[in-house]
Structures are given as structure tokens and as C-alpha cells.
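Peer 1: Can you build the whole structure from these sequences, using the hints too?
Top to bottom, those sequences are chains D and C. Quick note: the first sequence, position 66, residue 97 per the working numbering, numbers continuous. Quick note: the second sequence, position 31, residue 35 per the working numbering, numbers continuous.
Some clues are possibly wrong.
[As the list claims (entries may be wrong)] These stretches of chain C come out as covered by chain D in the derived footprint (C-beta under 8 angstroms, 3 or more residues):
no.	region
1	13-20
2	105-112
[To be verified] Here are some, though not all, of the chain D residues that point toward chain C, as calculated from beta-carbon distances under 10 angstroms:
no.	residue
3	Glu90
4	Tyr95
5	Phe121
Bear in mind the hints are in silico, worked out from the structure with no lab data behind them. Beta carbons are placed, not taken as given, at the ideal position from N, Cα and C, and that holds for glycine.
Residue-level listing of the chains:
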Amino acid sequence: NAGVTQTPKFQVLKTGQSMTLQCAQDMNHNSMYWYRQDPGMGLRLIYYSASEGTTDKGEVPNGYNVSRLNKREFSLRLESAAPSQTSVYFCASRIDRDTEAFFGQGTRLTVV
Amino acid sequence: QQPVQSPQAVILREGEDAVINCSSSKALYSVHWYRQKHGEAPVFLMILLKGGEQKGHDKISASFNEKKQQSSLYLTASQLSYSGTYFCGTGGEWGAQKLVFGQGTRLTINP
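Peer 2: Here you go:
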């Protein structure tokens, strides 16, 4: 049972490049989330998917797009990376609203 | 909108107690608490649901006052292993799947 798996773990991008962060969970969870973590800012919600086939904006969606490919996978895309998107990105999932969320190990992204 | 946590940082000696507060400007249905060690992913501690119940987890407990839209995390007789950053998460209105977190409280326990 792998839980929540994020790939890649580390990435360096040049300004303007695009990339997709992958997230997969094997716990049959309905809801999935993408957060970014910056020093002093806590965990900020980028996008979430309440169930397969739905996605909604979080607190800081600008510059990002998401796809809920199926129940297991939820990807985050940066179309044109900017230095302000340098951060640690966490994916999380949970069965339902009143249950604990499980986090992946994070992706450390640097945009130069 | 992110809930607001206080204090931002706490430094204690082993065996001392700490309280971390979490408040929201929106009505709350539930409050989550997580702990994150440096370089690791956040790990779940507990969930409190509407009803003002208090929960416990070893020497860590929490309360939730939905009328005041506040929750508090209590760490009793702190251990070195309690060091880390604590986050509260709030689910917002009824039925919502959104989960937003506060800015975190860094707790340092010294021997």
C-alpha cells in the first residue's frame, strides 16, 4: 500500500517552461488536493477535486491547471513557469469531508 | 480564506505545556489538526466536528467552539518528539470538500 505518490520529487525549470506534477493514490479516495508550501505561508490550496470528474479552484489557482484523470490520479500543470512558483508542492487525498487527509512526500520545484 | 493560527512560534522546555489557537472568519463544520516535521509531509493528528467535543491523542488534545469559530490544540508535558510545525485545517460550509490550512505554528521543544 503506497498511499499517495508524487512524481517527480525534485525539479528545476527555467522561466517559461511547462511541466506537469503527477499525483496518484491507491486508497480509493474520492477527494484530492494540491497545495503549495512557502516559508511563513503555511499550506495554501491551489486546486481540489471533490470527486472524479470535478475540479475546483482553491485559494491560489492562478498560473496552474489541473486534471482529475481518473479516481486515482490528479495532476497539476504549470503552463509557463515563473520564479514565484518556486515552492514545495504537496498532493493530498481523503475518502470524504470528515476523514483524515493523507499527504504525498512533496515535490520541490525551483524555477530559475 | 485561510484560518489564522496563533502564536506563530513557540519555544518550550521538555515537560512544559503549550496551547495553539486556530480561528476562522467563516462558519466551521469541522477542524483538522496536522503536524509536520522538517522536510516531511504533514501527518494527521485529529478531527473535531461541530458539537464542541474535545478529543485526545496521547498527551495532545483539542477543543472546538463552533460558535466562536475557534479551535485550540493542547500539548501537555511536551516531549522532544512534539517538535514540528502544527497546522489547523478547516472544511468550511456544510457539505464542502474544500480543506484549507492556517499558516502554521512552529513548536520547538528543548531538553
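Peer 1: Starting from the hint list further up, note which numbers the structure goes against and sort them upward.
Peer 2: The structure conflicts with hints 1 and 4, although it agrees with all the remaining ones.
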